[in-house]
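Residue numbers (the working numbering), protein chains in the order written: chain A, 1 to 177; chain B, 1 to 396.
If you're looking for bench data, these hints aren't it; they were derived computationally from the structure.
Bear in mind the structure is a predicted one, so any value in this text is a computation, not a measurement.
Note that CB positions come from ideal geometry on N, CA and C, so glycine has one too.
Hints may contain errors.
As the list claims (entries may be wrong) - Cβ-Cβ distance ranges computed for the label pairs, FRET-style:
#, chain 1, residue 1, chain 2, residue 2, range
1, B, 185, A, 140, 53 to 61 Å
2, B, 189, A, 67, 56 to 64 Å
3, A, 149, B, 369, 29 to 37 Å
4, B, 21, A, 138, 23 to 31 Å
5, B, 20, A, 48, 44 to 52 Å
6, A, 20, B, 186, 56 to 64 Å
7, A, 140, B, 59, 18 to 26 Å
8, B, 374, A, 20, 43 to 51 Å
9, B, 323, A, 170, 48 to 56 Å
10, B, 311, A, 46, 52 to 60 Å
11, B, 206, A, 131, 34 to 42 Å
12, A, 138, B, 206, 39 to 47 Å
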Amino acid sequence: MEPLEIAERLKERFPDEVLDVREFRGQVSVTLRKGKIVEIGRFLHDEPDLYFDYLVDLCGADYLGKKDVRFEVVYHLYSIKHRHALRIKAEVPENDARIDSVMPVWIGVNWHERECYDMYGIVFAGHPDLRRVLLPEDWEGYPLRKDYPLKGPAQEWSGFLDVLDRSKKYKQYEWQG
Amino acid sequence: MEDIEKPFETKELTISMGPQHPATHGVLRLLLTLQGENVIKCTPHVGYLHRGIEKLGENKTYFAALPLTDRLDYISSMNNNVGYVVAVEKLFGIEAPERAKYIRTILAEMGRLSSHIVWLGTHVLDIGATTPFLHAMVAREKILDLFEMICGARLTVSFPRVGGIRNDISQEFLDQLYAFVLDFPSKMDDYETLVTENRIWKERTVDIGIISLEEAVNWGLTGGTLRGSGSDYDVRKYFPYDAYDKVDFDVPVGKNGDCYDRYLVRVGEMRQAIRIIKQCIENLPAGPVMADAPKFTLPPKDMVLKDMEHLIHQFILITKGPTVPEGEIYVGSEVPKGELGFYFVSDGTGKPYRMRVRSPSFVHASALPRLCEGGLIADVIANIGTIDIVLGECDR
């Protein structure tokens with residue numbers, strides 16, 4: 001199926017949810033409200049002539065000062081059987097940075113959602129194990145947000161300071177014996 | 001006597017495997033809960049190699065971010081480079097000339113060979129066979145020597161460029177590569193004699209870590225790990241880039257989805273890589289190796305050193321970047337580990353507003369609990385080897 005046709009199908013089925021459909025270089029992205037994301041995912045996954053069985057990727061994006069709604073969660077979907085692709089994007093406002101987890105539909109999204117939480121602070125409701133995945137558990141801040149400094153936080157991470165302290169302590173010993 | 005008849009009491013034991021463990025292929029830490037020898041729970045911990053490549057990429061121009069992709073999967077950096085430039089070319093709307101496409105295909109397949117050789121060597125080494133590792137590394141040295149010949153670097157090559165490749169390759173390189181390609185299948189036979197029908201090998205891999213096709217797709221597995229379960233999804237066939245639509249090759253597919261089938265698939269891929277390289281060398285067209293799109297490609301280096309206009313042009317492109325159409329794009333490419341995808345959001349400036357790397361190793365590592373739980377602790381090692389992860393790509 002052509003991606004624009006799929007977007008039309010989606011619009012027909014969820015007229016209130018679809019906000020925008022855009023095409024760029026043959027790839028179609030559909031912007032959605034975040035409320036019914038699991039229902040939409042299930043529809044895209046289960047419908048026999050759509051059958052998006054493979055969730056390629058999930059990631060966040062921060063449009064600080066560029067768009068009215070700050071965050072977006074981007075899903076790249078592909079159907080190996082029908083060989084068509086679609087990108088859906090859910091808008092997530094800053095003051096309510098929560099969205100439902102689509103793990104019931106695509107289980108492989110597990111770590112992608114954890115990474116999105118890790119990097120953007122978007123909470124995925126219903127995720128069974130929502131912890132930071134790449135950064136230490138006690139890290140402060142969300143690095144991929146646009147207002148996070150590139151060179152890192154002003155205050156060094158406490159775990160690193162611990163290591164420095166310990167190395168200072170070990171220097172007191174004479175290891176040669 | 002009564003004591004002996006009573007079953008042994010076992011209690012749960014939690015051990016930490018890694019991050020400094022030779023069989024975890026880098027700095028992967030697995031928290032294993034064991035009941036005797038059985039794995040009840042497996043929790044992978046990653047992130048030890050996180051360098052923030054996405055954040056860095058968003059603060060560099062499209063040209064300057066290329067060397068970052070070398071550091072993703074450091075075993076096959078050529079494939080990452082090719083994947084990156086293919087994605088950026090599609091965003092810019094330019095196309096590399098035929099010769100550059102063929103050469104990039106050759107180089108990508110060489111990268112695939114060298115990566116699969118490391119995978120083969122370390123995977124069998126983990127399970128207990130030392131000999132194939134030593135033999136395979138000899139062949140890998142030859143590939144790295146050939147890389148060194150064209151660009152001076154052996155591992156972090158950064159050789160492809162947006163719009164083509166850095167410089168043309170020499171006849172000497174092609175001759176040596178062709179000789180290697182003719183010779184390599186016999187070496188493959190040697191490795192396979194040592195491993196494929198080996199009884200110990202089969203006992204350690206057949207019916208270990210089985211994952212069905214539906215489940216594998218649902219988990220988002222790609223590459224050899226998915227094809228071992230019976231899917232023929234290969235980005236080179238489904239979304240042909242570079243010269244893959246002009247060469248003839250098969251996609252090896254497994255059946256049972258166990259470690260052994262994944263092994264057979266990857267070994268088959270090595271033979272196909274040889275086929276692709278051979279065809280590309282035989283049909284290599286003549287012509288330029290850089291696209292004629294001065295607004296989007298770097299000027300030739302020898303002109304930059306001689307001519308003021310080219311120098312200014314190079315300076316502007318590197319510091320400010322090109323003027324890119326606004327939009328967003330996702331382009332995947334088949335690297336040895338699976339599907340490596342780049343997602344760019346362009347806001348019209350010379351830097352990507354959002355650069356996302358979809359790395360196969362990250363997804364494969366997340367599926368480890370699914371493969372390991374319920375099995376034996378010895379099979380954990382087999383499973384780590386078979387999904388073929390590189391932690392540099394997983395942690396980005």
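Results of checking the hints against the structure:
1. Residue 185 (chain B) and residue 140 (chain A) have their C-beta atoms about 55 Å apart, which keeps the hinted 53 to 61 Å range intact.
2. At about 58 Å, the CB distance of residue 189 (chain B) to residue 67 (chain A) agrees with the hint of 56 to 64 Å.
3. In this structure the supplied range 29 to 37 Å holds for residue 149 (chain A) paired with residue 369 (chain B), their Cβ-Cβ distance being about 35 Å.
4. Residue 21 (chain B) and residue 138 (chain A) have their C-beta atoms about 24 Å apart, which keeps the hinted 23 to 31 Å range intact.
5. Between residue 20 (chain B) and residue 48 (chain A) the Cβ separation comes to about 49 Å, which falls inside the hinted range of 44 to 52 Å.
6. Checked against the hint of 56 to 64 Å, the pair residue 20 (chain A) and residue 186 (chain B) passes, with Cβ atoms roughly 58 Å apart.
7. Residue 140 (chain A) and residue 59 (chain B) have their C-beta atoms about 21 Å apart, which keeps the hinted 18 to 26 Å range intact.
8. A hinted range of 43 to 51 Å holds for the C-beta pair residue 374 (chain B) and residue 20 (chain A), which are about 45 Å apart.
9. Distance hint for residue 323 (chain B) and residue 170 (chain A): a CB-CB separation of about 54 Å, consistent with the stated range 48 to 56 Å.
10. For residue 311 (chain B) and residue 46 (chain A), the Cβ-Cβ distance of about 58 Å falls inside the hinted range of 52 to 60 Å, so the restraint holds.
11. Restraint check, residue 206 (chain B) to residue 131 (chain A): a C-beta distance of roughly 35 Å satisfies the suggested window 34 to 42 Å.
12. Checked against the hint of 39 to 47 Å, the pair residue 138 (chain A) and residue 206 (chain B) passes, with Cβ atoms roughly 44 Å apart.
Comparing the model with each earlier hint shows no violations; every hint is respected.
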